[in-house]
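Undergrad: Protein chains in written order, with this note's numbering: chain F, 42 to 156; chain S, 1328 to 1438.
Hints are computed from structural coordinates only; laboratory data are not their basis. Keep in mind that a hint or two might mislead.
Short, incomplete list of chain F residues facing chain S, as computed with Cβ under 7 Å [unchecked claim]:
no.	residue
1	80
2	83
3	84
4	86
5	89
6	106
7	142
8	144
9	147
10	149
Note that beta-carbon positions come from the ideal geometry of N, C-alpha and C, so glycine has one too.
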Amino acid sequence: NAGVMQNPRHLVRRRGQEARLRCSPMKGHSHVYWYRQLPEEGLKFMVYLQKENIIDESGMPKERFSAEFPKEGPSILRIQQVVRGDSAAYFCASSLMTGRNEKLFFGSGTQLSVL
Amino acid sequence: QQPVQSPQAVILREGEDAVINCSSSKALYSVHWYRQKHGEAPVFLMILLKGGEQKGHDKISASFNEKKQQSSLYLTASQLSYSGTYFCGTDSASGNTPLVFGKGTRLSVIA
């Protein structure tokens, strides 16, 4: 029973390039969350999606960042024209339902390094 | 609004106890606790729902005081495997709002 799968584990990009981060939720889970983690900063919420819908994107920068969770395939977090400040670990989590007593299952993260 | 965790870091010897606190400026509906080891994914520990409950998981337990908008995580007779960063995640609004996590507490257990 595979957990939340993220790839790649490490991604190196030069300034101005695009970064695509993939997340396959646990089997049967239709709720996906993306968090960004900087050292000593904890997990910062970015976006919450259900299949084909963005539910809450209040934590995502308005420019250069976008996310999708298509009917088929993984959720994608896309960062266009990356800058050095985008370097961070990006974690995806999934849950079976939405609600106060639903635990999140996290993937192992993608470490993005912008040169 | 991000909950505040204290202490930021703590070092324990095996067998010692520790308490990690999490407080919010908003009314809370639930508090979640996760542990993350270096280079790994955060792993769920427990959820506490509104109602002032206390939960336990092996020698790790937690309490939730909704009036004070606080939760505490208790680690008893710590083991080397307890080392990691502990995060509380809070749910302070109605509807489908995602968890907001604190900055974490780094716990190091030494032999």
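Undergrad: All hints are to be evaluated individually against the structure, with a verdict given for each.
TA: Comparing the hints with the structure gives:
1. At about 10 Å, the closest approach between the beta carbon of residue 80 of chain F and any beta carbon in chain S exceeds 7 Å, and the interface hint on this residue is violated.
2. A hinted interface residue such as residue 83 of chain F counts as satisfied when its beta carbon comes closer than 7 Å to some beta carbon of chain S; here the least separation is about 4 Å, so the hint holds.
3. Contact between residue 84 of chain F and chain S, as hinted, is supported at the beta carbon level, the nearest pair being about 4 Å apart and thus within 7 Å.
4. This hint holds: residue 86 of chain F has a C-beta 5 Å from the nearest C-beta of chain S, less than the 7 Å allowed.
5. Look at residue 89 of chain F: its Cβ gets to within about 5 Å of chain S, closer than 7 Å, so that hint holds up.
6. Interface hint status for residue 106 of chain F: violated, as the beta-carbon distance to the closest one in chain S is roughly 16 Å, over 7 Å.
7. A hinted interface residue such as residue 142 of chain F counts as satisfied when its beta carbon comes closer than 7 Å to some beta carbon of chain S; here the least separation is about 6 Å, so the hint holds.
8. Checking residue 144 of chain F against chain S: minimum C-beta separation of about 4 Å stays under 7 Å; hint holds.
9. Interface hint at residue 147 of chain F: satisfied, since its Cβ lies 4 Å from the closest Cβ of chain S, which is below the 7 Å cut-off.
10. The criterion of a C-beta within 7 Å of any C-beta in chain S is met by residue 149 of chain F, whose closest approach is roughly 5 Å, and the hint holds.
Comparing the model with each numbered hint stated earlier shows that hints 1, 6 do not hold.
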